[in-house]
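S.K.: Top to bottom, those sequences are chains A and B. If you use our numbering, the first sequence closes out at 942, no skipped numbers anywhere. If you use our numbering, the second sequence closes out at 408, no skipped numbers anywhere.
The set of hints was computed from the structure by calculation and includes no laboratory data. Heads up, a few of these hints could be off.
As the list claims (entries may be wrong) - Covered stretches of chain B (chain A as the covering partner; in silico rule of three or more C-beta atoms under 8 Å from a C-beta of chain A):
{"#": "1", "stretch": "289-302"}
{"#": "2", "stretch": "370-381"}
{"#": "3", "stretch": "389-395"}
Unchecked claim - Sample of chain A residues with no beta-carbon within 12 Å of chain B, all distances over it, derived:
{"#": "4", "residue": "286"}
{"#": "5", "residue": "326"}
{"#": "6", "residue": "336"}
{"#": "7", "residue": "417"}
{"#": "8", "residue": "478"}
{"#": "9", "residue": "581"}
{"#": "10", "residue": "582"}
{"#": "11", "residue": "602"}
{"#": "12", "residue": "699"}
{"#": "13", "residue": "750"}
{"#": "14", "residue": "758"}
{"#": "15", "residue": "766"}
Note that CB positions come from ideal geometry on N, CA and C, so glycine has one too.
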Amino acid sequence: MSVDLGVRNRPGTLGTNADRPDGVAKVQGGFAFSSDMWADNMLWGATLRSPHPFARIVSIDVSAAWKIPGVATVVTAEDVPGEPNYGLIMQDQPVFAAVGDHVRYCGEPVAAVAADHPETCRRALAAIVVRYEILEPVVDPERCVDGSAPEVHPAGNIYRHQRIVTGDIDATGDVVVEGHYEIGMQDQAFLGLESALAVPDPDGRGVELYVATQWLHEDRKQIAACLALPEESVRLVLGGVGGAFGAREDISLQVHTCLLAMRTGRPVRIAYDRAESFYGHVHRHPARIFMRHHATRDGRIVKIESRMVFDGGAYCSTSPAVLINGITHAQGPYKCDNAVVDGWAVRTNNPPCGAMRGFGVVQACYAHESQMDKLAAACGVDPVDIRLLNAMETGDRLITGQVVDSVAPVTECIRRTAEIPLPPPLPDDVDPLELPGGTGLTADRRHVRRGVGWGVSIKNLMYSEGFDDYSTARCRISDGVVTLKFATAEVGQGFVMLAQQIARTVLGIDEVLLDTIDTGVGSAGSTSASRQTWMSGGAVKMACDAVKARLLDHVSTTHGVDRDSLDIVDVEVVGDGFRIPVSEAVRGFTADETVEYHHPTTAELDENGQGNCHVAFAFVAHRAVVDVDPDLGLVKVVQIATAQDVGRVLNPISCLGQVEGGIAQGLGLAVMEEIVVDNGKVRNPSFTDYLLPTFLDAPRVEVVFVEQHEPKAPLGAKGVGEPPCISVTPAIANAIRNATGRELPRVPIRPHDVCL
Amino acid sequence: MTDVSPVSDPYVLRVNGREHRIEDSWLGESLLFVLRERAALPGAKGACEQGECGSCTVVMDGRAVCSCLVLAASAVDTDIVTVEGLGRDGSLSDVQRAFLDEGGVQCGFCTPGFIVAVHHLLEHNPAPSDHEIREALSGNICRCTGYGRILEAVHNVVVRRRGS
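I would like the entire structure built from these sequences, with the hints used as guidance.
M.R.: In structure tokens form, the structure reads like this:
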């Protein structure tokens, strides 16, 4: 850890390590997560799921479940009063699979119950008899691309096909390198399981839902449609969110919980267990990528050819957008004039996939960074030098034709990462606990090989292709106290802290209260796509600026000072020959401003994949050092060095936490984490079998923040959430290749990939 | 259906020095479930139900245990400490303070389990090496922080305790 955490500004303002407003409650155990919600007369809900990846439902008999004492209701597709389907982009996912229709993935909801105890729920689910006509699942995405697979859904088996064609497609290079790469299905594995409490209105005409989600308003839209209620009759309140990472962007239990509450007239809580959580949310798309680079003899990229196939699983979720992110980031953070990229997102009977931190770019980056090392080797150039040689700069044109007008310090990210000292070599008398395999004491020091590898990435920020993912914020001031309201989902990233920092900085007032995060104010968009610091931070700043303008008007009038000369400096209102504390200026003053912040509009891609589809970009470099036990294939990641383009550090410790946390997730994808799917069935839906990085797996992380303020960003800061987990995965893979000489085309890299 | 009532006889759990009379508990309920749903102590969290993640860590008769794996009835006549019992009179313990100061809290779901585990570690080993810290806390999973800030928080407490 080598970042300057020095505090220069007034405590609690931008640039400082402000206290988290939810921090004390979180360390004392009193913070109310959605799973802690409780109401008088509450029932428990539970969901019956399909054991088959593809089957036609012949019949559902719920009569035995109704007879169990304590069961309050049983619902199936017939009981859904409104739209039978939901979905973020395409409404193709049933609330419950219906008789006569199909279940399309293992774990698809078929029915739900509400009862007096979780155990009663389990018994009720076991008493429901569903007859299935089992079908052979479609599990090979290539059979969807070539059209040979049977139709999984009436909407077809291809979510989206998009080409990018630019420049001279016949261009060739002196050096050509290529590879087939594969990325496994990763789970977000947030710790706070899906849970919600629905409280029906006494008149039965509406419902209030306390839920852990990433986007309250989008949830509300989909819930209201399925319940056939006006949106204003569905009120959502953010329950405490135990991590998200993309997995809470889609509907999971929201409609079920509300439906059970409306049917019983009683509060209902649903809380998934870990196994159900693996079935209940979307995952990172597994992908197969072919990539070929043409380059000059000295290593300059001439052309990229790529073919990407993303397996979206049974329902659409965000697959079309994930695909676009993948193909539009195929070049990585490098100059490239000529490209032919072909991408498919397809529907299979595998688990549905959607958003996860990095959103399609993780997959593309794994391929292009694997390629960069191959190119370096083919040209006889150092892996660092080949990246510097091709590094993108502000003003460069992407393969989509879009000009990168963001600050693009790719070279600086690489150079500053390279300046971070390497760890000392393994001593001959190393503590064996420090070797790969750790306390297993399986490694022989003499056999352990050390490797170093690099990864560099570009990541788009905000939503793309014409989507107006605006954010709303309200700022009120009364009796010297500022109150902020927004619907921005706090999922752990610390937006609640940042919002207070912004208000303190703009208004010079330290006491900033936060109103409940709910649908009582306009949408904030989703907490995803590294967008909330920019978008909701922008909205909060605009709202505070509006209140500030009103305050300065007030001061000008009441004190007879020239309005144009007035400003707030630290905690004072200052003007021509005028200076009073803000605390005095706000006495008796009230203001209440609500604003929306919109980012510049973007465009959809045309048939050749051309168009200004992204809002802005951030960049990062990673260098990994690994020790490998080649006998057992065990890997220990020793150190990750990184320099990240953040625009501006608004909260040093918070940025550091995002970087270290993202790196751990990228490490997980590199060497540990994969949902194993066998003919459509998940084989490891538990924390015993799905391996997450523990304290002992976490490497030493050395961080440099590259601060070049982004002029387009309202606070000068770029989102920092996603870049850390993107290029660290190929950096680790490249380090293992460096140590072993193996090609290792697939992540996660398993022990037998290394040693057999 | 079973003819036997699923409801257990009332029993008493001693948590954070206070006796909680547990009524209407069903047979087979875990200590985690009873603490959260019947004793109004939601600090311990459930995230895996298999003893893999440590979110439900509490101390039982001086041993750190995963409360999801403990049958509530078997905890009768033991002394249980949960995260709610660590600070005195609502103030923060040094470990709780250090987690905040060092950025060890993001979503906070793993935090109560970690706080209990760190207290337990430092009571038994006031000056742990980094490896001992990592080993002792490897049963607690954090998905947000990557553990770096949590390691700093433990360092912070060790240094402060040594100085006092």
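S.K.: Evaluate each hint against the coordinates.
M.R.: Results of checking the hints against the structure:
{"no.": "1", "hint": "289-302", "verdict": "holds (count 9)"}
{"no.": "2", "hint": "370-381", "verdict": "holds (count 5)"}
{"no.": "3", "hint": "389-395", "verdict": "holds (count 7)"}
{"no.": "4", "hint": "286", "verdict": "holds, 31 Å"}
{"no.": "5", "hint": "326", "verdict": "holds, 31 Å"}
{"no.": "6", "hint": "336", "verdict": "holds, 37 Å"}
{"no.": "7", "hint": "417", "verdict": "holds, 28 Å"}
{"no.": "8", "hint": "478", "verdict": "holds, 34 Å"}
{"no.": "9", "hint": "581", "verdict": "holds, 34 Å"}
{"no.": "10", "hint": "582", "verdict": "holds, 32 Å"}
{"no.": "11", "hint": "602", "verdict": "holds, 19 Å"}
{"no.": "12", "hint": "699", "verdict": "holds, 19 Å"}
{"no.": "13", "hint": "750", "verdict": "holds, 41 Å"}
{"no.": "14", "hint": "758", "verdict": "holds, 29 Å"}
{"no.": "15", "hint": "766", "verdict": "holds, 34 Å"}
The structure is consistent with each of the numbered hints, conforming to all of them.
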